[in-house]
Structure formats: structure tokens, C-alpha cells
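Visitor: Each chain, written out:
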Amino acid sequence: MMQTWKALPLGLSFGLAALATPAMAQPDFSGTWERYPPPEETADPRYAPTPIPDPQLKPQYRAEWEAGQKILAERLKEGQPAGDNYVHCIPDGMPAMMMGMFPMEVFQRAGQINITQEAFNQTRRIYMNETLPNWDDIDPSFFGRSVGHWEGDTLVVETTGIKENVRFRWTPHSGGMKITERIRLLAPDILQDQISIEDAYLEAPWTYSYSFRRMKDYKLQEYVCEDNREYVDQNGNTRLKVDK
Amino acid sequence: MKRTLGFCLAIPSCAAVLAAPLYAHHSFAMFDNTRSVTLRGTVTAYQWTNPHVYLDIDADDGKGGTKHYTIEMTSPNMLHRGGWSSRTIKPGDVVTAVMSPLRDGQAGGLLLQLTLPSGKTMLPGVPNAQRYKITS
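So the sequence lines, in the order shown, correspond to chains A and B.
Residues 1 to 244 in our numbering are what the first sequence lists, from first letter to last.
Residues 1 to 136 in our numbering are what the second sequence lists, from first letter to last.
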């Protein structure tokens, strides 16, 4: 009885909030954004992204991942990134694209939100208020299928249908991987993307976040991979074709 | 930002301040970052393309002749944000280039610094630039 009595005003206020929601304008994420903090800055703790933990892969997938991480660690020790996709002029795909290597542009309409990453002109399209298809009802692709809806001031985006060879940090995943993002403004010029990856290969969701800062007056540049002279030789070393 | 850039570009070496560290996205392990080579010569090509921009130079070989070098730069968008454009250099320009040489001995390298005919020195915004030693 006590509980019901207590819950009543709470329920009323939730009801009022729900009534008020349609009248509230959705936040507008339109514009150009860069990763925050950029490498030369220290983040304001209020807006700092959460670190990316290791994925909790099931034992049968761990060996492959650990072998890959050893190679990555060696390259990092050299002060070099792996950048495998980029060496081959292949875009990141999801979820790696959201690391924001270069600036990204959000183009927001009521029914569809597009996010374009400057590197490789990568564009993902988020269809609003549609149902996420089953992963095996769509053809696997780099960016998969994304649907979105608003929960108050937060844009919730679900994505599936990512090709198995499109990997973030060399992490294997199944065709059924699902990425859920909660995107919201932490401040008028700070955007946060909380990412949670669920997959049959994982023992627990893999979660982390990125922060982005609005770039005033920046126009995304074209990025067509026109003349890639880098290649990987038979020993796995990146080489340069010097003479055309 | 734009105003600062315009102001900075008018002052030789000011570009150095602008060239903020960037996220590394390509492996530059093929370049020897323990030493540099300085070339002085004539630009034969300046190719403004993705994924990277290339600068070709016929450099003085010190024996009265020239040797051709191909020098890799970063990407057009990164260079653009650092104050470069597709017209910063043109064939025929006499420039001084400091580069990390290719480890495999080919005549090429990664551009670390370029002095234009005007005397202005430009930095190409190499990620983790502090890891590349200038010894020449």
C-alpha cells in the first residue's frame, strides 16, 4: 500500500513528462564534429570519453584476438599504428568509423540521420523509427543497417548486418553482432556516443564511449583514395612504391 | 581559427606552432625515424591526392648532377587543416626538404619539413612528429 502511495506522484510526473515529450524539440546534432579531446589536449573530466576496455571474448575466440594484439602491441611500441584498412584504402566500417579519425558531419532530418566521416567519405544512414531487421535478413556490409529513435534528448541507434571481416581493433565477431549507441549532447558543443556491442562471440557487452566537439565553420573535405602507393609485402611490412 | 591561420602563414616558421599532433592512421614504419636527410632541389611534381600527397624532387647529388626522390606527405585534409593547399608548391620551385628516408634504400622518404622558395618553412603535420629525429 505504502509503495503504491509513493509510486503515485512519481507515476504522475512520468506521465506528465511523457505528455510533454512530443512538444519538446529534439536536440539538433547537425554540424561538424571532431574527436574530443584531440591528442594535444587534456579532456575536461565532465566530457572525457570512457576508455576502451578489452573485449570479453569467449575462450574459443580469444587465441585469435590475443595473437592479433601481440602484433598490434609491437607496432605501437614502434610508435606506429596498425591502420590495416587504411593501408589498403578500405574504410573503417562500423563501429570503428566512430573513432573519428578525421572530422565527421551529422546531417539530421526527422526521418533520417546521416553521419559522414571525412576519411574515405564514409557515410552511415540511420533510419528513424524503423524496426531493426534480423541480421540474416540483410546483406552484410561495412556500415550495416541502422535504425534510430529518440529517448528524451538521447538518440538511440541500433545497428546490425556488419561484415565479419569488418573489425574494430582486430576483434572477431559473428554476423549477428549488434551495436547499440546512445548519442546525446553533454553540452551545446560536446556530443557523446556511448557504444555497446553485443555478440555471440562475447561473454559480456563491450562498452565504451567517444566524445566529440563541435567544429565551427568547418566543411568536410572530399576523400577519394585515388593513388595508393603503399602496400604490404610478403613479410607483412608496409612498403612504398616510389616510382610510378 | 581561420584568422589565426592567416596571421600565422604570413610569418615564416609559424606553421610549426599550428601543426598540432594528429591521430596516426597509417603505418610509417617503413621510414627510418632515427635520422633525416636534407635535399635541395627542383620540384618536378606535387600530387595532391588521397590517401597521401607526394612531392617529387630532382635534388642536387653533390657531384654536379641530380637524383630523383619521391617524398610522401600526409593526407590532403590534414595538410589543408595545417595551412597547405594544392597550390603551396608547384613544379619548378626550388625547395629544401627534410625527410625521414625509406629504410629499404629506395630514393624516397617521409617529409618532415619543407622550405619554400619564399623562405617560409612548412611542417606537414606528421602524426607523432616528435618521434622523427632531424639529424641532417
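Just so you know, the hints here were simulated from the structure itself, not pulled from any lab data.
The model shown is predicted, which means the values in this text are computed figures rather than measured ones.
Just so it is clear, CB atoms sit at the ideal spot from N, CA and C, and this is done for glycine as well.
Errors might be hidden in some of the hints.
From the derived model, a few chain A residues whose C-beta atoms are all more than 10 Å from chain B [said to hold, decoys possible]:
hint: 1; residue: R75
hint: 2; residue: V106
hint: 3; residue: R169
hint: 4; residue: N237
Straight-line alpha carbon distances no greater than 30 Å define the calculated BS3-like cross-link-like pairs of lysine-lysine that follow [what the hints assert, rightly or not]:
hint: 5; chain 1: A; residue 1: K216; chain 2: B; residue 2: K67
hint: 6; chain 1: B; residue 1: K63; chain 2: B; residue 2: K133
hint: 7; chain 1: A; residue 1: K58; chain 2: A; residue 2: K70
hint: 8; chain 1: A; residue 1: K58; chain 2: A; residue 2: K216
hint: 9; chain 1: B; residue 1: K90; chain 2: A; residue 2: K241
hint: 10; chain 1: A; residue 1: K216; chain 2: B; residue 2: K133
hint: 11; chain 1: B; residue 1: K120; chain 2: B; residue 2: K133
hint: 12; chain 1: A; residue 1: K70; chain 2: B; residue 2: K133
hint: 13; chain 1: A; residue 1: K219; chain 2: B; residue 2: K63
hint: 14; chain 1: A; residue 1: K219; chain 2: B; residue 2: K67
hint: 15; chain 1: B; residue 1: K90; chain 2: B; residue 2: K133
hint: 16; chain 1: B; residue 1: K67; chain 2: B; residue 2: K133
hint: 17; chain 1: B; residue 1: K90; chain 2: A; residue 2: K163
hint: 18; chain 1: B; residue 1: K63; chain 2: A; residue 2: K241
Visitor: Does each hint hold? Answer for all of them.
Guide: Hint-by-hint comparison with the structure:
Residue-level check failed: R75(A) sits 7 Å from the nearest beta carbon of chain B, not beyond 10 Å. Residue-level check passed: V106(A) sits 18 Å from the nearest beta carbon of chain B, beyond 10 Å. The beta carbon of R169(A) is kept farther than 10 Å from every beta carbon of chain B, the shortest such distance being approximately 14 Å. With a least beta-carbon separation of about 7 Å from chain B, N237(A) fails to lie farther than 10 Å from that chain, contradicting its non-interface assignment.
Our distance criterion of 30 Å between C-alpha atoms is broken by K216(A) and K67(B), whose separation comes to about 45 Å. A distance of roughly 26 Å separates the Cα atoms of K63(B) and K133(B); the hinted pair therefore holds under the 30 Å criterion. Under the criterion of a C-alpha separation no larger than 30 Å, the hint pairing K58(A) with K70(A) is consistent with the structure, at around 18 Å. In summary, the hint linking K58(A) to K216(A) is not supported, as the alpha carbons are separated by about 44 Å, beyond the 30 Å threshold.
With a CA separation close to 22 Å, the supplied pair K90(B) and K241(A) stays within the 30 Å bound. At most 30 Å may separate the alpha-carbon atoms for a hinted pair to count; K216(A) and K133(B) exceed this at roughly 35 Å. Of the supplied pair hints, the one linking K120(B) and K133(B) holds, its CA atoms being roughly 21 Å apart against a limit of 30 Å. Between K70(A) and K133(B), the direct Cα distance comes to roughly 26 Å. Compliance with the 30 Å bound is thereby established for this hinted pair.
Proposed proximity of K219(A) and K63(B) is contradicted: the alpha carbons are some 47 Å apart, above 30 Å. Between K219(A) and K67(B) the CA atoms are separated by roughly 39 Å; this puts the pair beyond 30 Å, and the hint is violated. The hinted pair formed by K90(B) and K133(B) meets the criterion: a straight-line CA distance of about 27 Å does not exceed 30 Å. About 23 Å separates the Cα atoms of K67(B) and K133(B), which keeps this hinted pair within 30 Å; it holds.
Our distance criterion of 30 Å between C-alpha atoms is broken by K90(B) and K163(A), whose separation comes to about 43 Å. Under the criterion of a C-alpha separation no larger than 30 Å, the hint pairing K63(B) with K241(A) is consistent with the structure, at around 26 Å.
Figure legend: structure checked against the earlier numbered hints; hints not met, in rising order: 1, 4, 5, 8, 10, 13, 14 and 17.
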